[in-house]
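Asks: Chains as they are written, first to last, in our numbering: chain U, 15 to 157; chain E, 15 to 157.
Simulated from the structure, these hints should not be mistaken for laboratory data.
Heads up, some of the hints might be wrong.
Which copy is meant is left open, because identical chains are indistinguishable; a pair holds if it fits in one copy or across any two.
[Stated by the list, open to error] Mimicking SDA-like on lysine to any residue, the simulated pairs with C-alpha atoms at most 25 Å apart in a straight line are: (1) Lys76 x Glu136; (2) Lys110 x Gly69; (3) Lys108 x Thr132; (4) Lys142 x Glu70; (5) Lys76 x Glu153; (6) Lys76 x Ser138; (7) Lys76 x Ala135; (8) Lys108 x Pro79; (9) Lys108 x Val90; (10) Lys142 x Gly100; (11) Lys142 x Asn21; (12) Lys154 x Ala51; (13) Lys108 x Val59; (14) Lys110 x Glu23; (15) Lys110 x Ser26; (16) Lys142 x Glu113; (17) Lys142 x Ser81; (18) Lys110 x Leu33; (19) Lys108 x Ile118; (20) Lys76 x Ala27.
As the structure is a computational prediction, the values presented were derived from the model and not from experiment.
This is what each chain is made of:
Protein chains: 2
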Amino acid sequence: MAEPRSNSEIASALRPAVLRLSRRLRQMRDESLDLSATQLGAMGVLFRGGEMPIGEVAAQEKVQPPSMTRTVNCLVDAGLVTRTAGDTDRRQSKVKLTETGRAILLADRRRRDAWLTTRVAELSAEEKAVLRQAIVILEKVNG
Amino acid sequence: MAEPRSNSEIASALRPAVLRLSRRLRQMRDESLDLSATQLGAMGVLFRGGEMPIGEVAAQEKVQPPSMTRTVNCLVDAGLVTRTAGDTDRRQSKVKLTETGRAILLADRRRRDAWLTTRVAELSAEEKAVLRQAIVILEKVNG
DNA sequence: TATTGTTATACTCTATAACTATA
DNA sequence: TATAGTTATAGAGTATAACAATA
Chain U
15 MAEPRSNSEI ASALRPAVLR LSRRLRQMRD ESLDLSATQL GAMGVLFRGG
65 EMPIGEVAAQ EKVQPPSMTR TVNCLVDAGL VTRTAGDTDR RQSKVKLTET
115 GRAILLADRR RRDAWLTTRV AELSAEEKAV LRQAIVILEK VNG
Chain E
15 MAEPRSNSEI ASALRPAVLR LSRRLRQMRD ESLDLSATQL GAMGVLFRGG
65 EMPIGEVAAQ EKVQPPSMTR TVNCLVDAGL VTRTAGDTDR RQSKVKLTET
115 GRAILLADRR RRDAWLTTRV AELSAEEKAV LRQAIVILEK VNG
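Using the sequences and the hints, build the whole thing.
Replies: In structure tokens form, the structure reads like this:
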């Protein structure tokens with residue numbers, strides 16, 4: 015599968031590559047004892063976007079609302095995010111990173127990305143350039 | 015995150031992109047009622063590599079042996095693969111796609127990749143070229 | 001009635017630890 | 001003793017369905 019040409023060939027080659035890498039990335043948790051990849055993802059959304067409704071976090075992470083409720087519950091219990099009722103619309107619960115959450119997110123990212131950063135560092139400059147561009151494309155593909 | 019530059023910035027941007035896309039890819043199962051992404055992955059290894067010990071399938075898919083035992087059990091029950099004791103070393107159990115398995119794999123891939131293929135098709139020729147190269151790099155990063 | 005979120009529930013994936021059988 | 005695989009067990013992640021509260 016060195017040269018997939020058609021759209022479906024690209025899709026067929028991309029799928030296992032992404033699935034295998036994601037498996038590895040989830041396991042990296044063992045090195046950072048605090049956060050799961052899922053929790054880190056949700057916190058990352060809040061880091062970038064600031065305070066927002068829980069539904070928006072779910073949408074950005076491409077999970078269903080009940081899944082994000084569960085993740086946020088864990089983070090609230092750990093004191094990493096706060097959940098407050100919306101002021102204009104009280105159905106919403108606005109979620110926000112705490113200062114502790116922000117600090118732990120940054121520390122955890124550094125530790126967690128150790129493996130992946132090492133792997134990336136071993137690539138050539140050309141390969142890194144391709145990867146940089148590919149990240150944007152992957153996000154685009156994902157909708 | 016349009017222009018990550020350092021190795022760790024690339025890692026930090028790549029991680030969520032891969033995790034979110036993998037989530038989506040696992041959900042695609044709903045459209046193809048037969049195989050999970052995990053099962054499809056294992057079958058894909060056998061499709062490419064022919065008959066091999068179960069440990070080898072696990073290694074290629076980057077999962078631990080007990081996880082692959084479980085996956086293979088399901089596939090055997092469904093008649094999609096066969097498991098036979100090794101002839102030279104009877105500790106091994108060699109696994110092989112059945113003809114049915116091969117046919118279902120190919121049919122399922124076509125159906126399952128429908129979403130991803132559509133997304134890929136919407137990319138420009140340049141973006142597809144980047145993605146083609148990136149797939150190889152992702153596999154390399156993954157070890 | 002429609003929307004936002006939560007609760008209840010169930011299933012898949014995956015891992016680690018302990019075990020069996022063979023080398 | 002070492003290796004290949006399986007069994008037993010546990011935990012995380014995710015979904016759907018049903019519900020509550022608010023708009």
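Asks: For every hint, state whether the structure bears it out.
Replies: Against the structure, the hints:
1. In the homo-oligomer, the alpha carbons of Lys76 and Glu136 lie at most 25 Å apart only across protomers (20 Å), although the nearest pairing inside one protomer, at 31 Å, exceeds that limit.
2. For a Cα distance limit of 25 Å, the shortest separation of Lys110 from Gly69 inside one copy, 13 Å, qualifies, whereas the shortest one across copies, 45 Å, does not.
3. In this assembly of identical chains, Lys108 and Thr132 lie within 25 Å of each other by CA distance neither inside one copy nor across copies; the values are 36 Å within and 35 Å between.
4. Proximity of Lys142 and Glu70 under a CA criterion of 25 Å is satisfied in neither setting, with 31 Å inside one chain copy and 30 Å between copies.
5. Within a single copy, Lys76 and Glu153 get their C-alpha atoms as close as 11 Å, and across copies as close as 24 Å, so both meet the 25 Å cut-off.
6. Proximity of Lys76 to Ser138 under the C-alpha cut-off of 25 Å is restricted to the inter-copy arrangement: shortest distance 24 Å between copies versus 32 Å within a copy.
7. Within a single copy, Lys76 and Ala135 get their C-alpha atoms only as close as 29 Å, which misses the 25 Å cut-off; across copies the closest is 21 Å, which meets it.
8. Taking the closest pair of Cα atoms, Lys108 and Pro79 come within 25 Å of each other only inside a single copy of the chain (13 Å); across copies the shortest separation is 43 Å, beyond that limit.
9. Within a single copy, Lys108 and Val90 get their C-alpha atoms as close as 12 Å, which meets the 25 Å cut-off; across copies the closest is 48 Å, which misses it.
10. With identical chains, the CA atoms of Lys142 and Gly100 are never at most 25 Å apart, being 43 Å at best within one copy and 42 Å at best between copies.
11. Taking CA atoms no more than 25 Å apart as the test, Lys142 paired with Asn21 passes in both settings, with 23 Å inside one copy and 8 Å between copies.
12. In the homo-oligomer, the alpha carbons of Lys154 and Ala51 lie at most 25 Å apart both inside one protomer (21 Å) and across protomers (21 Å), since each shortest distance falls under that limit.
13. In the homo-oligomer, the alpha carbons of Lys108 and Val59 lie at most 25 Å apart inside one protomer (13 Å), although the nearest pairing across protomers, at 45 Å, exceeds that limit.
14. Taking the closest pair of Cα atoms, Lys110 and Glu23 come within 25 Å of each other only across two copies (23 Å); inside a single copy the shortest separation is 41 Å, beyond that limit.
15. Taking the closest pair of Cα atoms, Lys110 and Ser26 come within 25 Å of each other only across two copies (20 Å); inside a single copy the shortest separation is 38 Å, beyond that limit.
16. Within a single copy, Lys142 and Glu113 get their C-alpha atoms no closer than 33 Å, and across copies no closer than 41 Å, so neither meets the 25 Å cut-off.
17. For the homomeric pair Lys142 and Ser81, neither the shortest alpha-carbon distance inside one copy (33 Å) nor that between copies (32 Å) is at most 25 Å.
18. Proximity of Lys110 to Leu33 under the C-alpha cut-off of 25 Å is restricted to the inter-copy arrangement: shortest distance 22 Å between copies versus 30 Å within a copy.
19. In this homomeric assembly, Lys108 and Ile118 come within 25 Å of each other (Cα to Cα) only inside a single copy, at 20 Å, whereas the closest approach across copies is 46 Å.
20. Taking identical chains as interchangeable, the C-alpha atoms of Lys76 and Ala27 lie at most 25 Å apart whether they share a chain (22 Å) or sit on different chains (16 Å).
Consistency with the previously given hints fails for numbers 3, 4, 10, 16, 17, ordered from lowest to highest.
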